[in-house]
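**Q** Single-letter residue listing:
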Amino acid sequence: MTATGVVIPGAGRARARRGLETVAWYVLLALLAVITVFPFLWMFLTSIKGPQDEIFSVPPQFLPGHPTLDNYTAVLDQLPIPRFFLNSVTVGAAVTVLNVTVAALAAYPLAQLRFFGREAIFYLLLATLIVPAQLTYIPSFVMAVNFFHYYDTIGALILPNLASAFNIFLLRQAFRGVPSELIDAARIDGASELRIWWTILLPIIRPSLAAVAIFTFVTSWNDFLWPSLMLHTRDNMTLPVGLVALQGFFSSDFRSIAAGVTMTVVPILIFFIVFQRHFVRGLAGAVKG
Amino acid sequence: MTRRFTLTPYLFLVPALALVATFVVYPILAVIFYSFTDFDIITPAEWVGTANYERLIGDPTFWKALTNSAVYLVATPTVIALSVLLAIVVNRRLRGIQIFRALYFVPAVSGSIAIGISWRWLFERNGMLNSILISTGILSEPIQWLTDPDYVLPIAMMLTVWAGVGYYAVIFLAGLQNIPEELYDAARIDGCNRFQKHWHVSLPGLRPQIVFVAVISSLAALKVFDEIYVLTNRTGGVLESGTTIVFYLWRQAFVLSNAGYASAIAIALLLMTLVFSIGLVRVLERGSETT
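Residue numbers (the working numbering), protein chains in the order written: chain A, 1 to 289; chain B, 290 to 580.
Don't read these hints as lab results, they were simulated from the structure.
Incorrect hints may appear among the rest.
Claimed, not checked - One side of the interface only, derived from the structure: several residues of chain A facing chain B at Cβ under 8 Å:
1. L32
2. V58
3. Y108
4. P109
Even glycine gets a Cβ: it sits at the ideal position worked out from N, Cα and C.
Make a model of the complete structure from these sequences and hints.
**A** Rendered as structure tokens:
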């Protein structure tokens, strides 16, 4: 915000004040960062504390006097964390690829084609946004056991999560931004709708696809209630379900629980750091009226 | 442009519609049916008429859960106010601002279970919070935060707000950056100070984002589960102090094997969500007519 063309009297003093103001902003930003990160930092510091280090003292001891990785090995000895991790990655990747494909397919005609029932279908899909997923868990449970036979497998976490009205809605917005002349030109050249979708439209809306994909992945990665109903055998668990199992297993051994939590949070944080730009762009693009 | 009838659009929609039919539409119909039955998920459902609904009306835990879920909606205006403020704070060119923005987003990606466990240990009887409060002399005796019926729900709501602020702030930040700079200049010329300019320019400019966040965050608040599950160690809290409608549904269906009764709770949840959504849309539409 620069006041162009305006001469300010006493510019030196103004600059000093602005410098002070900048410092104040940094103090505020740092304070907010502490509030945000503190629980994780505390978790991490606890996870590397040795048995001689206090974790419940008054006043609290922040830094470990005898840092150790023993808590991590204790957790890895008892619970198959790499296995949880692999399951979470498998579910997340499968759900993301398939869900985004299904959504992109559905979004195209809703955005760019005219056909009988378009509005009705769109509003039906939109209405499902309101329905809380937990409402469907009893029948979904029955289907999982009696019909799909995927109880206690990760398939139970994939199939029911392949249609997202939210993703269809977001991608529809993206497709609507594509000029229809482009599509008409391709049609005159004789391209089929599927070919137009794949070779022309998908590349254009790639930023939206990336954003939707990342959000789908994170949602799947953190999903808990349905996976906790479906997964029973330890080797089939995803990270959040395994984390709850871990909490039960180590009940009062907070150092080990902290090590387990740290091991589950770090991968998704790395994922976030790598894809940060897409997160922001995706969220920003979500609301454009 | 008039086009002859083709099947193509429908073919594109088939996968999505088949999935929605199987995993949303059919389950809703099935839940309606189950709500009139005695059902434990394993053995076939037995028709009992309106018995489950009669039981629901006389069930104090159900009313408690309904109240708690309604109270939980307070998280929505709180999270909106704080995330708009945060967006205004981070919407300035400072060196390293990207790093701060990223840090504020961390809770949004970390997952409610990991967050819940971290918070649970902060609020333990001999946890960090009591330790700080006692060593600074604010408290003389530790407070049993998570077993005191007065604190469970507020702590869960704080957790929800804390985890949501950074996430929603990104939406508001994008909105702020779309507001033309000239509007702020005009406000300044009209004599607005830096607070007034946000009141008169930023807030109206953020209207679509506020509507969006109001809808998604309140729908999320109505179905809160994970936070309660972890913070109360699957109990719902002393005297059901943390039991929300989804938590109660889960317990009846999957802990107590009363899936028929739980289905009646699910229908109550659906009605509550519908009424709330319609009401919200009405209010927001009325608001947009005046602007």
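**Q** Can we keep the A/P109 interface hint, with Cβ of chain B closer than 8 Å?
**A** For A/P109, the interface hint holds, since the closest Cβ of chain B sits about 4 Å away, which is under 8 Å.
**Q** Does the closest beta carbon of chain B sit nearer than 8 Å to the beta carbon of A/L32?
**A** holds (7 Å)
**Q** Quick one, is the A/V58 hint okay against chain B at 8 Å, beta carbons?
**A** holds (5 Å)
**Q** Let me know if the C-beta of A/Y108 comes in closer than 8 Å to any C-beta of chain B, holds or violated.
**A** Hint holds; A/Y108 Cβ to chain B Cβ min 6 Å, cut 8 Å.
When each numbered hint is compared with the structure, no violation occurs for any of them.
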